[in-house]
Amino acid sequence: GAVVSQHPSWVICKSGTSVKIECRSLDFQATTMFWYRQFPKQSLMLMATSNEGSKATYEQGVEKDKFLINHASLTLSTLTVTSAHPEDSSFYICSARDWGGSGSYNEQFFGPGTRLTVL
Amino acid sequence: GQNIDQPTEMTATEGAIVQINCTYQTSGFNGLFWYQQHAGEAPTFLSYNVLDGLEEKGRFSSFLSRSKGYSYLLLKELQMKDSASYLCAVSRAGNTPLVFGKGTRLSVIA
Chain Z
301 GAVVSQHPSW VICKSGTSVK IECRSLDFQA TTMFWYRQFP KQSLMLMATS NEGSKATYEQ
361 GVEKDKFLIN HASLTLSTLT VTSAHPEDSS FYICSARDWG GSGSYNEQFF GPGTRLTVL
Chain E
405 GQNIDQPTEM TATEGAIVQI NCTYQTSGFN GLFWYQQHAG EAPTFLSYNV LDGLEEKGRF
465 SSFLSRSKGY SYLLLKELQM KDSASYLCAV SRAGNTPLVF GKGTRLSVIA
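Sequence lines, in order, name chains Z and E. Just remember that my numbering sits 300 ahead of the position in the first sequence, which is counted from 1. Just remember that my numbering sits 404 ahead of the position in the second sequence, which is counted from 1.
Extracted from the complex, chain E is given alone in its bound form:
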């Protein structure tokens, strides 16, 4: 079966750093995605990891450990507009759909 776990909610302070963890167990693995979703809107792509290690893109970084079935999304210099849900999703082989975690609702407070 497919199982993707991430915390339900997190709160962090503006300007701080927050790490959102994701663990997965899936039949097949062809990369892990992080998406951002604001309420009432569609998800937007943030990052993709297929090899172990850290991928940095501006204020956002994503890490993957395939052997541990673990990933995290790191957000630096938090801004109020970063308040959103962050979805971890696993890609399996071929043209199969992404499998999504339940999402982590991040609240950035002043």
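Chain Z on its own, in the form it takes in the complex:
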């Protein structure tokens, strides 16, 4: 199947700083990537849909000025958590579909996730 990578896998930062998370599709091109957030013992919550070359589409309740998304190329999307606070501590996961066909179905392939801890 297709491979999606994320970097960093974990990060600890001070309150008020900004953190950038990268998501890359390694062996396929992704015009669209999805960013999810997951709190402990809860399910995946979609934050936004990242579109290559255009603005991201944010889900209701997600602050677009706080969670900046840039999809600069067909293989890279970044999520920047600006002025992070302890309540932003969570597991952030990106996902993409390989419309070129390496997936068996129209499944979404997930990155390994980034665990953010804000002190």
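The set of hints was computed from the structure by calculation and includes no laboratory data. If you're wondering where the values come from, they're calculated on a predicted model, not measured in any experiment. Every clue listed holds true.
Calculated lysine-lysine pairs in the DSSO-like style (CA-CA distance at most 30 angstroms, straight line):
#, chain 1, residue 1, chain 2, residue 2
1, E, Lys-461, Z, Lys-341
2, Z, Lys-364, E, Lys-506
3, Z, Lys-320, E, Lys-506
4, E, Lys-461, E, Lys-485
5, Z, Lys-355, E, Lys-506
6, E, Lys-506, Z, Lys-341
7, Z, Lys-366, E, Lys-506
8, E, Lys-485, Z, Lys-341
Got chain Z sorted already, so can you dock chain E onto it with the hints?
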């Protein structure tokens, strides 16, 4: 709106069979996925159903009834490593993101 329901937690014994149910009501339907997620890790693909019926893949099987908005994941010969969360997710038309249920935390005990 979108609504996907599955039990929050289940416990089963090693070697047994367990069935995890999922009901859904979504605007648009283009298939249903089951994912497995271990704590602190990303979800991994288990199965996909778009037509009614049972899909079998080794110890795991998945069933779909589109008319009833219902699916289940069947795990046979349970092993301790099967302890994980199991996520039901619905695919809608086009390149829209999967809609996930809250997940079922399965604990396999000896």
